[in-house]
Structure formats: structure tokens, C-alpha cells
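Chain A is fixed; fit chains B, C and D onto it per the hints.
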Amino acid sequence: MLQLTLFYIFAVLAVLGGIMVVVHRNPIYSALSLILTLFALAGEYILLMAHFIAIVHIAVYAGAIMVLFLFVIMLLNIRIEERAPGALRYMVYIGVPMAAILFLQLGYLAFKGFQEVYVKNTDVGTVERIGQALFSKYVLPFEITSILLVVAMVGAVYLSKRKLEIVE
Amino acid sequence: MLEAILALIKIGVVVFLVILPLVMMLILAERRVSAFIQNRLGPNRVGWQGMMQPVADGLKFLFKEDVIPGHVDRFLYLIAPGIILFPALLTFAVVPFGDQLTTYIGHTLVTIRFQIADLNVGVLYIVAVASLGVYGLVIGGYSSNNKYSMLGGLRSSAQMISYELPLGLAIISVVMMSGSLRLQDIVVDQYEIWNVFRQPLGFIIFLVASFAETNRLPFDLPEAEQELVGGYHTEYSSMKFASFFLAEYINMITASALITTLFFGGWHVPFGILEAINLPVLWEQIIQILAFSLKTLFFLFFFIWVRWTLPRFRYDQLMNLGWKSMVPLGLLNIVLTAIGIAVF
Amino acid sequence: MEMASLLNYTTFLPLLGALILLMIPKTEEVLIKSWAFFVTLTTFLLSLPLFHNFDGSRSSIQFETIKSWIPSIGAGYHVGLDGISILLYLLTTFMMPLAVLSSWSAIQNRVKEYMLAMLVLETGMLGVFISLDLLLFYIFWETMLIPMYLLIGVWGGPRRIYAAIKFVLYTMVGSVLMLVAILYLYFLHYNFTGVYTFDLLQIYTIDIPFGLQLWLFLAFALAFAIKVPMFPFHTWLPDAHVEAPTAGSVILAGILLKMGTYGFLRFNLPLFPEASVHFAPLFLVLAVIGILYGAWISMVQRDIKKLVAYSSVSHLGFVMLGVFAFTVPSMQGGLIQMINHGLSTGALFLAVGMIYERRHTREIREFGGVTRVMPVFATLFLIVCLSSLGLPGTNGFVGEFLILVGSFQVVPAFAVLATVGIIFAAVYLLWMFRRVMFGPLTREENKNLVDLNGREVATLLPIIVFIFWIGFYPRTFLDKTEATISRLAGTMEKARAELHLEKQAPYWKYLVWKGNP
Amino acid sequence: MPIAIGTTDLISILPIAIVSLFGVYLLLQSVFAPRMNRILIPYLGILGVGLAVVGNFFLIGMEGTAFEGMVRVDRLTVVLNFLFLITAALSLLITISYHEGEHVEFLEFTPLVLFSTAGMMVMGSAESLMTIFLGLETMSIALYVMAGFRRTNRHSLEAALKYFLLGAFATGFLLYGMALTYGMVGSTNLTQIAQYFTQNALDVPLVALMGLALIIIGFGFKVALVPFHMWTPDVYQGSPLPVTAYMAVGAKAAGFAAILRVISLSAFSIAFQWSEILWVLAVLTMTVGNVVALVQDNIKRMLAYSSIAHAGYILVGVVASNDQTVPSVVFYLIVYLFMNLGAFAVATMVAGQNERRVNIQYYRGLGYTQPLLALAMAVFMFSLAGFPPTAGFIGKFYIFSAALQSGYVWLVILGVINSLISVYYYLNVVVAMYMQQPVDEKKIAPVLPGVGVVILVAVLGIVYLGIFPGTMLSVLR
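Protein chains in written order, with my numbering: chain A, 1 to 168; chain B, 1 to 344; chain C, 1 to 517; chain D, 1 to 477.
What the hints contain is simulated information worked out from the structure, not anything from laboratory work. Remember, it's a predicted structure, so these values are computed and weren't measured experimentally. The beta-carbon is built from N, C-alpha and C at its ideal position, and this holds for glycine as well. Treat the hints with care, as some may be off.
[To be verified] Covered by chain C, according to a simulated footprint, are these stretches of chain D (three or more residues, beta-carbon under 8 Å):
#	segment
1	381-390
2	410-423
3	466-475
[Claimed, not checked] Dumping the calculated DSBU-like pairs for lysine-lysine here, alpha-carbon to alpha-carbon at most 30 Å:
#	chain 1	residue 1	chain 2	residue 2
4	B	64	B	147
5	B	324	A	161
6	D	162	A	161
7	B	60	B	147
8	B	147	A	161
So here's chain A without its partners, still in its complex pose (with noise of 0.2 Å):
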């Protein structure tokens, strides 16, 4: 009783939290919501007994993307943004009834497909079976991801370069 009180109070700030992120003009705001949306999360992932990847959640979202969020919107100093010219601000009436029907059939599905679903493994979000998932049956998916992470970091890295280097 309580784990599903839980689960919807986390479940509407996760919520809140996302459409303020889209309804706020100011970017501050709107990334300050996200991590809302994100600490929301993370409480359910708690609730689902998946300690290790809320924790992670936190520190990787929350903890890092989002202040290198706050960074950029603070570097580039954007206070309010600027309302879509023309076509675009019309945009907002079709992209909303559109969200809404998607969340319709999403729900639609949800309440249809996922009827049974209950947590099976309780000890299954533990830093040991993860670790011991990542290293025994994940462990190609896991290498991939370190190539996938070097990749962006070069990517990034040559991207961002801010002298080109002229080679004779």
C-alpha cells in the first residue's frame, strides 16, 4: 500500500516535472524540471528495488548531464526563449493533440498488454547481479559501450577543437 502511494506521488511529480519542462520559457526553469523528472524517477527505480541504477540515475543524470545543462543555458547566457516565428507557434496545436492520443494508445496498450507484470527477481537491480550480469552474459554489449563511449569522446573532442592544426 504505501510502494503504491509511492509509486504515484512519484509517478505525478515524474510527470509534472516533464510537462514543465516543455511548458516553461524559461530554460532554467525547464532543466530544473527535468531533474525533478529525474530524481522522480530515480525514487521509482528505488521502489522497484533497483537501488544501483537509481543511484546511477542520479549521479549521471541529475548529477552530471543536467549541470552541464545549466552550464550551456548559463554560458550562453539565455534568459527567455524566443517565441517560434510564424508556422512554428502554430505547431503547439497539432503537437499536443498528437501527444495526447499517443498517451492515449500508449495507455490503452499499457492497461491491455501489461496486466500481469509484477517484479519478479527482487534482488535483481543489486550491484552484485549487475555486475556480475555485465561481466558474465553482458560482457559484448558492455565492451561495445566502451568503444560506443570512445567514439563520442573523440567525436566530441574533434568537434569542439577549437584551432585547426595546418599540416605542411
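Same frame as chain A, now just chains B, C and D:
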């Protein structure tokens, strides 16, 4: 139920009886030590040896006019001081300041852990929460709508992110030694030999990164008085300003406690003294807690000591040090540790 | 040498020649031309034994080669000649040296590329006539588009790009649907027999349901009708002819158009006999429209080349009339008429080219009285014109007569109308001839025209030899086709009988799609 | 739980591992030997690819899964590996000859190509949704960066950003689809997904179908199916030419490899559910690609739309969903590799400094100023248009025959009509080269050896596969 009551008691004790008084003492200590280093006296009039000086300061903060400048982003401006206190306090939740004590309370056998919450992912928890500390600074800096504050916020976010990496890398090598993410386990693991001897490089990295994370000199660029007029807290006054101050000292305490826990054997009493003199369990516990406190206090002193002896880094030096020295060293340390574990 | 391998060698000799030509430096133009002529001539000479050894009394495929080519999908290298293809094969090898010869001085720039295109084109055309595998056929059919496209587009007249693209697109419109039909047949054959093959002779054996035949017939017929070209699909032809260089026109008229009619004889009739019979009235009507329409349009042309081009539409109408009358004489006549048209119209284009080279115009009114300065040319041109309009004693008469006789038996009305077309042909050709050749020599430029040189005479003369040979003794050629055509006529007769039974059902019923193979 | 990696496991990822290690080696090499001549780096990259090709030979004949059902090694894997490796090698060769006003920094470029190739190979040999996703991301992220490699060029940066944003958007769809599928099946393993679909073929849960649809959208972005193609022209135009070549061939092949693995093979038993949708997508893709290509006068944009159209043709093979699907699609991808890389190689040569000469008008008269280059380009154009005897014809023929075998007559008819439309714009290039006079007298730089090799290989490949496709076809079946 009992668990919850115990937890609340622990929280209360730690926050109100340990941390807050300690912060007050620290403020005084900072002034006294700095005076000592600079060969002067420092505050010594209020109370014995100036002991009541922090109280006077606190009262001053409380009764000062709370100025909210007109150009700030009011909502963010107001919540920033609150936000900054939270992570600072939260980190302390998983630090074990003593061994566990099994005793009867009434008629039930209860295990009292000298630790607020014994998380199995304690180390990760610390990393996660520590990484949130920056928000207070950034939001404060942004909402003040002041270029110095803004610069302070920017600097802090870049700095914190940069030094979180070496911090994490150093912790990983410690975790590799203990094989557990639970802080209590890490402490127990250091029974024979402290990590500082097994992980000298890791210790240095962690120490330096801690300084950066707490925004203390030589890494206090976000609030550098000479350049930024106080940085992110320029526009704050009264209790709000105090909470920024408070947070910085709480962070110092946490950092010291973590250094102690991770590298200096936590609550272990060195040289097997405790084993040599056979004491009742309760006394043993108390001595262990004292040992932990002493080590922590030493590092607090160390923080202050460094502040008043080292000059501030330049910003690019700070970044270079972080990315070009600390991170590779941290990685190297992990490799060395892995080799070490594989060999022994 | 064994004839089957000789057939293969002959077919691919031009390609080999083209590869060797690649190594000749660009500047050695005479060497390039001589080499191309040598290769094409050798090809012709090598093909003569094929003709000689061909047994006209047998209706089966001769000089057959069957080799596996893409075994995984059942496509093979299956080639051979029968009574339908032998003459066309010979026509191709015969016309190519003449085409090369005619380009000797007409083509001044990019000679090497030109000759390359000619040689590649020859292999492509020969391949079309000998292929007995549907996929192989299709590949040759499409391959030959590329060099022809380049011939028109690079060495053609002022509107060459437009004409070239039109030519390619028109041809492809038909052929892509044919490809679908080929694939359909392929799977149909698999469903009937459980064997994946593109081999035409094997696909002949399956009995395709009538409803399907109609669709497949239409798909094939579209490709061939465009190529022929039959009446509503002929609009690409004048453009292509007018813009193409002389040799291009010769090949286009002499050989490429025959592929359409050849396709009807080779594929549509034997594969879909019932559908052919069913659609015969439509095609007969179109053929006759083509004959008359082509002739009328020819009459009002001011450009000699355009006139000749439209006359092709008319002539090919005769061929189609012969083919779709389904009698032995008419189909034989159609076959001979294909050769005739190749020879006569080819020669006409050559002649037009010769005069164009001298005057750089083809407007009829620019000429007049040319006989006085170019008597040899006038004589040869007259013979060619007469052959084209079907004067007895020339080849044209034999073909048209056979067609008319054959078709009169089954569709007398059409035969009568077609005869009108012959009269028109006489009108437009002779009228043109009169305006160009006779009368006073009014234009100053025409007074200095030089008569044909030895090379040009040598280009026209062989054709004229054949014009009279076929005119006086067609049996040499008819004999070769006798057995094959008889068998085809027999097939059609049977189909006609069978269809008669089925005809009870309403026509459109069969055009309703009946699902998948 | 001990870590158990057997020899079979290691061999099965041998080419992937070699290529990745070489990428890492090249990155480190610049740290430890900064003085080395940078021009050598792409050659080292090619060496790495060559070693991987050798390594790939060890995979021939293997059959089964490795790394606990993460990758699968079968004939498809081997062929796709070869395909990706050849693409990488040829693209690197083009890069060597790519003379830009602002030079391309091989130092970062070469490793990115290698990593991206590794990602493609992971996709090709994936046996799990997870590996597919990781491979896709590795490939894509490298490509995003490579698209922006001309950092001083506005279009290049725009291309990178656009590709990145839309790619990330597509990834979202893909991931959502994978999550839904996983939610229903309870596994990311493709074999188990296939089993699930077979068991529930008659009554497929909506969630699973939704998952599949989202996965199709995700892959559709990568292979540029209409209506998920909006990024293609701009990205192709903005990226440096060798990158465009690499992404046009490699990314497309990898995307289709994934479609084959997930849609064609794993969801085979419910083909009737998705083939109708793909039918529509195929027709749309072919038609939009070809019709819009008609009006392009920039060779890169033209090839971009042409690549969209070709995606449509390939999709026809997927729609067929019978035993011909895999061989026909893979054969087409191989053919597409040669003709597209060849065309881009020629375009690179013509484009010259700063890619100034990318307009089709600069091809005028090429047949006389650069006869061999023009001849090669003509071969590529004829092949793209699907003329026999080039490989392009056999490829299309095979695809259409696969579709016809399943009874998609109208699809095939629409397909051939489309290839008819395409003839016009491909021949436009030939027209320009052979039938028009040059616009300017500026001489095109002589063909450099790197590009020369690529063009030669491409022409030989096209002619060989066009005339003797038998061997390759029997290998694929």
C-alpha cells in the same frame, strides 16, 4: 518501528549535536588558526578564548536585514540556499562513525549501527549526492542576476564536474580493495592496514578532488573574493548567506569524514591498541568513535591549514590539473590496483 | 568448325574487336575505322557458313548452345538459330560493315568512341536474335539500348539529347513491364513443373491459362509494339531517326525495329497463342492504321529523312499485318518484309546520308535536278526507292505480295486497305524522288555536287545486289524459314480452334485479374 | 559466476575486435608517436581493415551464437562483414585523395571510420536487440561526427547537427520499440523473439506489434525510408564526400542488415502483419526518391534522393518475406556498395577544392576531358539505373523476382515504373558528360591513385556481378 525511531534519533544526534556545533567551532577554528598562521591572535574576546564568537556571529546573521535585491529571479533566489544545504547534510547519512553495537534495549536485542543508514551502495550514494551539491551554487549564481554571481556559478559547475571524475576514480580503487560498496565494509577491510598505505595515489587524488569539490582554497574559484566579489553568494545576505557558509563547512566535515573512512581506517584505532587493552564493549565503541572523530578533526584542521598557506589556482590551471593530471592518474591508479589485486 | 561454336564466336567477335579497339590510340583514326570495318566484315563472312549450313526443312533450333550461367536462379546461356532468327541474324551482320563504311567521312570527331559503340551494339543485336533464354534475351535487349542511346545522343543532330532520351525512355517503358512478365512466366513455369528456369523452349511447353495469357501477352506486346513501332507508340521514331547519324538511322531502321516484330514471332505468338488470336483483330487494325497513317504522314514531309522515317512506320505495318494474319505465306512474307525493310530503308538512309554529307541539309525544296550532277547516285537512289515501294522484280514486291496473299485469305478487308498503302508508298517516294532529282537545277550550291565516290558506291551496291536477289529468287531465303513458320502457323491454327470454343464467355471476363501464380 | 569466454566466442567477433583495436591503436599512436606523418594514418587504417578481412575468413563455415546469445555467426554475418569492411577500406581510399581547402584530419577520421565499421559489423551479426542497438549507436555517433568533419564549412556543421538531432529522435523510437517488444517477449534475444512470434502468430498482442512498428520507424530513419527521409539530402550534401559515400553505403547496409535480422528473420511468422505496411513504405520511398531526384542539379543531392529510392527497392525485397529475401537484399546491398562508392569516388574527383564543383553542370564534357573517369561514371549511372549488363540490373531483377514470387505483382510493376523514372536523371549525368560542352576550361585534377583504385574496383565489381552473378548468388543462397 524501533528501527525508524533509532534512525530518527541518530539523525537528530548527528545533525544537531554533532554537525551544527562542529560547524560553529569550525568557523571559530578557521579564524583562530588563520590568525595563528599569520602570527596574530584572532577572535578571543567573546567567551573563553573566543568560544562564544560563533554564537555571536550566528545571532548577527539572524538579526540582520534580509535584503532581496529587486533584479533577482525570486523563486530560484529563495530556494538556492535551501538546496545547497541538503546534499551537504545528506552525504553524512552513510558515513559510519563507529562499529555496531549489539545490546538489549528493554528486552529486545537490538543492533545499533553507528551510522544513520547502512546502504549497500553507500559509496555510490556519496558520489551521487555529492554531485548534487553544485545545484545550490549554480542556481544561486544564476538567480542573483549578477555577472559575478553568474561567473561563480559557471565556474563551480565546470569545476565540480571536472573533479567528480577523479574523485570517483579514486573511490573505485578503494572499492576494488574492499570488494564492497558498503562503507562499513570498507572500514572493516582496513582493520589490518589503512588504505592510505595501500592506496597512496588514490588518497592524494581523493584529497585534491575533495578540496575542489568543497570549493576550498586552492580551488575556491567560484567564490574568489578578489575576482568575483564572493561569486555566487554576492547578492545574498543574512541567514541566506549564512546557509551558503554553513553548507561549505558541512561539506568540509563530510569530506574529512570520508577521507577518514575511505583511507584512514574509519573508526579503527591504530596499532592494535584497542586489542591490547581489554575494555568493555561499550567503551570500545566509544573509543572507536573518538578515534574517528579525532581523525576527522585532523583533516578539518588540514583543510584550514591549506587554506591559509596555499595561493589560489588560475582557472585554466585548475582545469588542466583536473583533466590532464588527475583523471589519467586516477585511471592509472585503477590499473595498478587491479594488477596489485591480481598479483597478491 | 562446329557451327554452334561458330555462332558464339560470330556473336561475340565484335565485342572482342571493341576490346582490342580500346587499345588503339585515339589519334589513329584511319586505323580505328579500318579495324572496325575489318571486324564487322569478318563477322559477316563468318556468319555466311551459318546461313549455308542452316537446314531450312527443320523447324527446330539449330546451332544450339546450352550452358549454365546463373545456376542458382536457373538462368542459362541458351542460344541458337531457327527459321525466324537466321535471316535477321544475317541481316545484322550484313548491315554492320555497310554502316561502318557509311560513317567513314560522316563521323569526324570522337571516332574511337563511335566505333566502340558500333561494335558493342552489334554484339548486343546479334545476342537478341540468338537468345533462347528469357533473362539472356532481356539483358541483350536492354544492353543494346546503351550504345544506341550514345550514338544518337553524341553524334546526332541538333535535338539529339531530346531524341536520345525519348528513345531510351520509350523503349524502357515497354521493356520494364516485359521484365515483370518474364518473371511471372518464370514463377508460372515453376508452379507447373517445379523447376526454376528462364529457358524459353521449356517455358513454351507449359499451358498458360487463357486469362493470364491476356495479361502476359499485353506486357510483352507493349515492349515489342513500341520497338516496332506500331501506330500509337511510334512517336519516338521520327525524332530518333532524324537526329541520329546516318549509320545510326541505318541500324535503327534496318535492325532495331525488327526486334519488335521478331519479338512478336519469337515470344508472343508461341508463348500465348490463344491470347494472340484473341488480340489479333486489334493488332490488325493497328497495323493497317500504321500502314495508312505512316504513308499519309510521309507524303507531307519536307525533310527526306523524316519521310523515310515515317515510311518505316508504314512498312512495319505490313510486317505486323503479315504476322497477325497467322497464315504461312503472310508470316513468311512478314519475315521477308523485315529483311526487305532493313535493306531498302537502310539503303534509303544511306543515300540520304550521302547527300546530307554534301549539302548539310535534307530539306526537299533545297534540292532539284540533282540527276544532272550526280547520275550514279540518282540511279542507285531510284533502284532503292523502287524496291522500297515494292516494284515487281525487287525484294519489296515479294514481301508485300506474300503478306497480302496470306492475309487476304483470313482478313480480306484489311488486305485491301493495305494495298492502298502500297499506292501511297509509290506516291510519296516517287514524288520525293521527282522533286529532288528531276527538274531544273535551281540552286547554286547544288551545281557543284560531286557524284558518289568508290566507297559510297561500295556501300550501296551490296544492298542493291540483295534487292534484286530477293526480288528475283526469294527461295534462297524463303526456304530457310519454311519449316519454322509452318510450325508456328500450325500452333496458331490450333489456338484459333481452341479459342473458338472458349469465346462463348464475354470478352472482358478474361481481363479480370485472376490472382498470383 | 565466473567469466567464461571461449575461443568460439572470440573468433566470432574477430573482425569486430580487430577493427576496434586498430581504432584504439591509431588513437594511442598519435599520443606516443606524435611526430609520425599523418598521411600514413589512413593507410594504417586500411591495413587494419585488411587484417579484419583476413580475420573474417576464420568465420566462414561457422554457424551459431556466441557470447551467450549476443551475436550470431552465420553466412549472413560473414557476407555482411565483408561488405562493411570493403566499404570502409574503399571509403578510406577515397579519403586519401580527398583534397579539401581545409584538410581532413586523418588522425581522428580514420579511427572514427574503423569504430563505425565495427558498429556496423555488430549490427550485422547481432542476435540480440541490445547488440543491435549498441552497434547502431556506435555506427551513428561516429557518422554524426564524420558528417561535420569540415568544421569550417557551415553546411557540414549543419549536416552534422541535423543528422545528430534526427538520428537521436529516431533512436528514441527504436528504443521505445525495443522496450515494448522486450516487455512482451521477456527477452531481447532474437531467437526467443522469433519463437514468441511463432507461438503467438495467430493472435499477436498489440503491444508487440506496436513495438515492431516503432522498431521499423527507427530503422526507417537510418536507411532513409520515406517519410523518415528528411535528413538525407541535407546531410548527404553537407557532409564531406568520402563521408557521404561511406554513410550512403555503410549505414544503409547496416540498417538493412538490422531490418533483416529483426523484421525479416525474427518476425518472419507474422510477416502478414507488417508486410502491408512495408509495401506502402516501399512504394512511397521509391516514388518520392525518384521523383524528387528528377529536379536535382547537385550531384550529391541527386545521389541522396537516389539512395532513398534504392532503399525503396531494397525494401521491396524485405516485403517479399520469403526465402529469397535475404539473398536478394544482401546481393543488392553488395551491388549498391560498388555503384554508389564508385559514383561518389568520381564525384570526389570532380568536386575538387572545397567541393566547389558538385553541380551536375561541371560534368559537362567530362567524357572528353577525362575519358576514363567519365566512362566509369557512365557505368555507375547505368548500373544505378538498372541497365543490363551491369550488376544494378541483376540486383533489381533479383529483388523484384523475390517480390513476384510472393505474389506482389503491383509492387513489382510500381517498382519497374520507378526504375524507369530513375533512368531520366541518371542519364542526365551521362548526357552532361558526353553530349554537352564543358562550362569552364578548368582542368580537373588528374585521378589520384586512391580514388583510382576505388573506381577500378567498383567498375570491375559491377561488370563482374552483372555478367557472372552466379557465384555470388549461390554463395548467398
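> Are the Cα positions of residue 162 (chain D) and residue 161 (chain A) separated by 30 Å at most?
Replying inline: Satisfied, since the Cα-Cα distance of roughly 20 Å is no more than 30 Å.
> Can the segment 466-475 of chain D be counted as covered by chain C under the rule of three residues or more with Cβ-Cβ separation shorter than 8 Å?
Replying inline: Since 5 is at least three, the answer is holds.
>> For the segment 381-390 of chain D, count the residues whose Cβ lies under 8 Å from any Cβ of chain C; is that count three or more?
In response: holds (count 4)
> Given the hint that residue 60 (chain B) pairs with residue 147 (chain B), does the C-alpha gap stay at or below 30 Å?
Replying inline: holds, 28 Å
> Would you say the segment 410-423 of chain D counts as covered by chain C, given the rule of at least 3 residues with C-beta under 8 Å?
Replying inline: holds (count 7)
> Regarding the pair residue 147 (chain B) and residue 161 (chain A), is the alpha-carbon distance no greater than 30 Å?
Replying inline: holds, 27 Å
> For the pair supplied as a hint, residue 324 (chain B) and residue 161 (chain A), is the alpha-carbon distance within the 30 Å limit?
Replying inline: holds, 16 Å
>> Check whether the Cα positions of residue 64 (chain B) and residue 147 (chain B) lie no farther apart than 30 Å.
In response: Between residue 64 (chain B) and residue 147 (chain B) the Cα gap is close to 25 Å, so the pair holds against 30 Å.
The earlier numbered hints are all upheld by this structure, with none contradicted.
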